[in-house]
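Each chain is listed here by its residues.
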Amino acid sequence: MINAVGRDIPQEILDITGKEVFQGVHYRDGYTYKKDGPNTKCVINSNGSKLVKDIREALVKCEIKDGMTLGFHHHFREGDYIVNMVMEEVHNMGIKDITICASSLGKAHDKIVPYIEDGTITNIQSSGVRGKIGEAISTGKLKGLAIMRSHGGRVRAIESGETRIDIAFIGTPTCDDYGNCRGIGGKSDCGVLSYAMVDGDYADKVVAITDCLVPFPNFPAHISMTKVDYVVEVDAIGDPAKIATGAAKPTTDMRKLMMADYCTQFVVNSPYFKDGFSYQTGVGGASIASTISLAKIMKERNIRMKFGVGGLTKPMCDLLINDQVDCLLDTQDFDLAAVESVKNLKHFRISAGEYADPFNKGAVVNKLDFVILAALEVDVHFNCNVVVGSDGMITGAQGGHPDTAAGAKCTIVIAPLLQGRTPAICTDVTTVTTPGESIDVVITDYGIAINPARQDLIEAMKDVDLPFKTIEELRDIAYSITGEPERVQFADRVVGIIESRDGTVMDVVRQIKPFEFADEK
Amino acid sequence: MNPNKKRLRRSMMFLNAQKPGLIKDPYIYKPDSIMLDLEDAVATNQKDAARFSLYHALQEIDYRGVERVVRINGLDSEYWKEDVRVCVAGGCDAIRIPKTESPLDVKAVEEEVIKAEKEFNRPEGSTLIMAAIESARGVMRALDICESSERLFGIALSGGDYTKDLQTHITGTGIELMGARQNMIIAARAAGIQCFDTVYTNLDDMEGFRRDVEGIHLMGFDGKSIINPRQIDIVHEIFTPTQKDIIFAEKVVKEIDEKKALGIGVFTVDGKMIDIAFYDGAKRTINLAKASGVYKGDL
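Chains A and B supply the protein sequences, listed in that same order.
In terms of the numbering used here, the first sequence opens at residue 20 and continues consecutively.
In terms of the numbering used here, the second sequence opens at residue 1010 and continues consecutively.
Pulled out of the complex, with its shape left as it was, chain A reads as follows (with noise of 0.2 Å):
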């Protein structure tokens, strides 16, 4: 069936699923459903404490069997060691079936590739994947379907029921006997814990892990005591170089640097840009950077910002240390100045339910003015790719990608016009994960396309000397230093689907298979 993206949704994984096609961002907007609510084993007697000797005993205490749903988040990125810990003991165990539920894999869960390929785990749900994992799923080792979803979807999935996590390992920098867990503190410091409260929310067993025990009570709880089962003490949780990193270094590539003050220019001569408004950006160089002289054009014209909201890097940080912004909103920290920022008592921690959750009574993401994204490929409808390479293999990750793109009232895409040798802006994504109707404004080294669905930005932009194209000339312009690159060949098994942040199925991911030339068929 096609979709409102023009992508063919198989009917086979419509009934698999049970899931709609995607019928556009706001399909679901008023919708009533009832709350799911974890099974809960209640804690009366007084003696003892939840600790465990083990993840091992943890497993057998929370009654580990086949077919379990596991849930992980990903605040410790790719310095995380919780996974591999925990399902090196399933896998030990003999367990199989195992689904699972985090909120993103990347390479430094390479190791776990073996127990796709026995059997140990057989279904994938993340907001994207990297590495050799993807390469796995890529390739069809994974023998159920690996689901795709935004933070936000996340969220909603547990929420409503659709996805049910058995147990929960909640990674935490420190944490009492008694399970209170902090994102702060300790040696694996990463601020906050926001993807991991709806695990603890509903999830049948917590399981919290720490190399950080400190005496009761850990307070202010960021996940409270009431919903953790079992606390477990090990040496490390992850390795603190990768979980926080210094600040990035702004970068001197003048093609982002370009591409940075093309967005800053952008955004100062749009109508949004006023006093109050509200911001997001990523950790790419050209998003640091634009917010970086995007911080000295507030200064010079008086404006301040409302509220920031991130996934923070220190640019943003700076913005409350030089009393530019009056709070930020947190759901992840990128480097030791975010980390540290968290003290800061106009910097609040939200979880990712409060952050993007379409499935609430409203999340951060409508609220704000603009948000800088990035895409691996637009297209001339301005759906964006963010999950899959050009090559087909399964590489990145949604994040909060739709979320905040159908939220904000100006969102804007930064990529280079050329991926290497690969072109960026395309004729059609290779996969879509975010809808064209949710991107207003592409920005590449060769120039600036707004989305002909946004009349009123056309128009503001008119007297605006920045250079404008249309999305089909950038695509012309690629095209003619690249040539028209032939589509990826996928074989036909569907190997994953890319869910719309509402649940929905924006496209589908197929195994792929090697290139063959016409000549060769």
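I should point out that these hints are in silico values taken from the structure, not numbers from a laboratory.
Think of the CB as a built atom: it goes at the ideal place given N, C-alpha and C, for glycine as much as any other residue.
Careful, some of the hints might be misleading.
[Unchecked claim] Straight line, CA to CA, 30 Å or less: simulated DSSO-like cross-link-like pairs of lysine-lysine:
no., chain 1, residue 1, chain 2, residue 2
1, A, K115, A, K532
2, A, K268, B, K1039
3, A, K481, B, K1292
4, A, K488, B, K1299
[Stated by the list, open to error] Facing chain A, from chain B, some residues (calculated, C-beta under 8 Å):
no., residue
5, K1033
6, D1034
7, I1037
8, Y1038
9, N1237
10, P1238
11, R1239
Given the coordinates of chain A, work out where chain B should sit on it, guided by the hints.
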């Protein structure tokens, strides 16, 4: 005369001709000229690969009006004649001769260029030449070099090799380059061709770079060799007339034209005494503003 001989050349950006990622689209940064390098940037065993890459770039890439200059290998090497053939076959705009020390060097290259233009059916005279001066001998013979060929549009100082020859080094103050710069700009102006300054290699010192460019601009240079697109904006800012300069030059040109008809030789513009001696300078400002795309008037 090749109409491009006197074109605007504020910035000349060096790029390794062997690196496809660098040479595929430098025009997005809007330098006036790019300098595709076959010489020092390319390892000895990669010279043929670099020529191959250069030829295809010249043939296939639309550089959108940015001048394509190629630095060939030195005349003391075995590579330069084949370099010239590839440059002309590819259709480059100009060739830069390294380590030029005498008019004979220019003549030798010119001869090969003429042969190649015939061989590849390129219009005669379509390939311009510039000479890089990199030694004390070259500096001392600058005027002879400048007057050696009709194809020669300019000379350029190469500071690294020149300071080695002088037994000193680049200090960042410009003291070690003073004599060469002065001698070369005078020679170039005497011969009626352009003159370009050497690269500034410390990319972390943008303030030092700015001071360097301001200095050579005041000395009369036409432009500067650069090594990174981050340097372009500063060069263009300094070499492009300000709106104040343009308005004044416009008034000078118009007043002189008007007063000449009335038989008046000396008068004042904005309180400054003006006579016919100001005419050429004012015209040059207008022409430079036009070439830089910042003049919208009717002169």
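Tested hints:
no.	hint	verdict
1	A:K115 / A:K532	holds, 28 Å
2	A:K268 / B:K1039	holds, 26 Å
3	A:K481 / B:K1292	violated, 34 Å
4	A:K488 / B:K1299	holds, 25 Å
5	K1033	holds, 7 Å
6	D1034	holds, 7 Å
7	I1037	holds, 5 Å
8	Y1038	holds, 6 Å
9	N1237	holds, 7 Å
10	P1238	holds, 4 Å
11	R1239	holds, 5 Å
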